[in-house]
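Engineer: Listed below are the residues making up each chain.
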Amino acid sequence: MPMLQVKDLTKQFGGLTAVSKVSFSVNEGEVLGLIGPNGAGKTTCFNMIAGAMNPTKGQIEFEGQRIDGLQAHQISQKGIARTFQIVKPLRNLSVFDNVMIAALSKSKDISQAREIAQEVIDFTGIHDLAKKGAGELSIGNLKRLEVARALATLPRLLLLDEPMGGLNGKEVDQAIELILKINKSGKTVVIIEHIMKALMQVSDRIVVLAQGEKIAEGTPEAISKNEAVITAYLGEEYHAQS
Amino acid sequence: MNRQKSYIALSIVVLLLLPLFIKNQFLLHMFILIFLGVIYGQSWNLLGGFTGQISFGHALFFGIGAYGTAKFLTSDSLSKIGVIFNHQADPILAIIFGGLMTILVTFLMGTIIFRLSGPYFGLGTLAMAEIGLVIAMNLKSVTNGGEGILLLDTPSIGPFELMGKTSFYYLILVLMLLTVFFVYQIMRRKMGYFLLAIREDNQAAEAMGVPTKRYKILALMASAFLSALAGGFYTLYVGFISPHDVFSVHTSVEMIFITIVGGVGTLMGPVVGAVVLTVLSEVFKSYFDNAYLIVYGLLLILVILYMPEGIYGYLKKKWNARKKVMADADVAS
Ligand SMILES: Nc1ncnc2c1ncn2[C@@H]1O[C@H](COP(=O)(O)OP(=O)(O)OP(=O)(O)O)[C@@H](O)[C@H]1O
Ligand SMILES: [Mg+2]
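Protein chains in written order, with the numbering used here: chain A, 2 to 243; chain B, 49 to 381.
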């Protein structure tokens with residue numbers, strides 16, 4: 002049985018169908034890439050899985066339990082964590098406190114949360130930043146803080162929404178390394194990313210969305226040769242030119 | 049840390065001994081007003097400063113606390129509860145009764161009001177306070193309408209009659225210390241960190257596993273309870289309340305000013321704010337007579353413009369910067 006199973010997931014915003022009857026599943030232990038042109042509905046899928054929005058139609062099952070319709074904090078308790086494409090740091094608090102608060106809802110007290118936070122901060126390599134205010138970080142470090150905070154909730158499934166957006170070449174390499182390390186530590190990952198080279202490197206399988214619909218699914222190799230995928234991306238370029 | 053503790057202990061001892069030396073009634077009255085201001089500043093700050101839910105209607109809680117206390121002391125059936133304990137209508141029980149009434153109201157309004165956020169939340173609370181005023185004016189059988197409620201008997205706590213400024217001084221001092229301690233305890237626990245997370249980013253807090261709605265309601269209840277304590281004390285101290293005295297926008301605004309001038313989102317902010325604003329408003333009153341509100345208003349604008357982090361926040365920043373310079377100099381030498 003897959004760890005996460007999404008069936009006929011649909012989301013409408015007024016007249017706009019952002020996600021239309023999308024089905025896919027995530028197996029325990031894998032890294033699944035989720036790609037698609039801008040506005041394809043990737044983030045909206047995450048929002049529904051993570052409980053930030055309710056689906057208009059469809060179901061979501063996590064470890065055999067229906068989770069659609071639950072609130073975001075309940076999803077977090079179930080063992081799913083997400084990062085935000087547009088980062089959401091707690092700006093006036095330190096990096097350490099950001100991570101510590103994420104650990105708090107799973108801890109019995111503050112000292113236990115501190116221990117978890119310290120471990121996660123070491124794991125993600127941000128100890129030099131721990132005392133800094135989260136509002137002072139560069140975008141690269143903010144993206145790492147997003148990941149650290151998600152990890153601190155001790156998830157089994159991690160949803161990463163463009164963790165490499167805005168990073169420079171060296172930072173992208175570090176991010177790839179971190180994602181592989183997270184996966185090795187036993188966590189299942191779904192990652193949305195526009196940087197294809199990086200995505201191909203970390204993903205076991207890839208699901209492709211375009212205009213709200215799933216148009217392809219397969220190994221990185223197969224996806225890079227898939228006609229429908231190439232057309233969808235070319236189409237986007239034509240739009241950009243016109 | 050220990051030095052901080054000894055400063056606090058020393059201040060408490062000084063405050064406890066103060067009435068032995070101060071015989072000036074007006075000065076005692078000033079202290080009472082300051083302590084009252086600290087309580088409702090802390091109350092507003094807990095929800096507005098720490099949780100980021102800016103309310104314009106805290107007079108509602110102050111008012112319910114005031115009326116709850118007055119009703120407890122004046123209605124035959126209610127004050128009997130006090131008599132069981134104490135042979136007399138007990139003002140402490142009366143204040144607690146006012147606080148519980150307020151918690152009941154916040155419990156009912158919590159789920160509705162937190163559907164709103166940002167400025168809409170502020171307007172929602174303002175409207176709720178206005179509704180409180182209208183009810184107090186019209187529900188004559190309970191509130192005696194616009195005529196208000198007058199306390200006829202001098203309340204006493206056990207053998208101690210609440211007569212004269214000194215006894216009120218000690219009552220409000222204890223309430224104030226309990227309030228500050230209460231807020232301090234909340235803020236160093238899980239709940240405090242959750243409130244800060246909610247203030248900083250509600251959606252991020254949810255994703256981190258914080259049940260934001262539940263904690264916002266808890267913060268509202270705690271905050272409202274503190275305002276109710278202040279309202280209850282007001283009833284005892286003044287001995288007379290009317291709807292326009294206790295449900296007024298002026299009370300709501302005063303709580304905001306105390307917090308903003310002192311320092312939003314800090315434990316010491318409302319303390320500093322209450323001292324500065326109470327002293328200044330009394331001084332201005334004596335110099336400028338009725339025009340004092342203009343001077344007071346100008347001062348507020350200046351503080352907000354030039355010290356947006358409040359007086360305490362500003363001093364703390366200066367102090368930290370100086371410490372840093374001195375530490376750097378140490379390293380250099
Ligand atoms: N809260 C919302 N209200 C209305 N429309 C929305 C909302 N969120 C997303 N949309 C719309 O839904 C569609 C899908 O958006 P979504 O953010 O899921 O795309 P995406 O695949 O993540 O794109 P990107 O790669 O640019 O991040 C877009 O047309 C977007 O404008
Ligand atoms: Mg997106």
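No lab work stands behind these hints: they were computed from the structure. Each hint should be verified, as a subset may be incorrect.
Below 27 Å or equal to it, Euclidean Cα-Cα: the simulated DSSO-like pairs (lysine-lysine) are [said to hold, decoys possible]:
no. : chain 1 : residue 1 : chain 2 : residue 2
1   : A       : K133      : B       : K238
2   : A       : K185      : A       : K198
3   : A       : K58       : B       : K261
Pair ranges (Cβ atoms, derived) [to be verified]:
no. : chain 1 : residue 1 : chain 2 : residue 2 : range
4   : B       : L156      : A       : E64       : 55 to 61 Å
5   : A       : I140      : B       : L66       : 50 to 56 Å
6   : A       : K132      : B       : L68       : 43 to 49 Å
The C-beta atom is built at its ideal place from N, Cα and C for all residues, glycine as well.
Engineer: Hint by hint, note whether the structure agrees.
Structural biologist: Here is what the structure says about each hint:
1. A:K133 with B:K238: holds, 21 Å
2. A:K185 with A:K198: Holds, at roughly 20 Å.
3. A:K58 with B:K261: Roughly 25 Å between the alpha carbons, so the hint for A:K58 and B:K261 holds.
4. B:L156 with A:E64: 55 to 61 Å: violated, 38 Å
5. A:I140 with B:L66: 50 to 56 Å: holds, 54 Å
6. A:K132 with B:L68: 43 to 49 Å: Because 46 Å falls inside the window, the suggested range holds.
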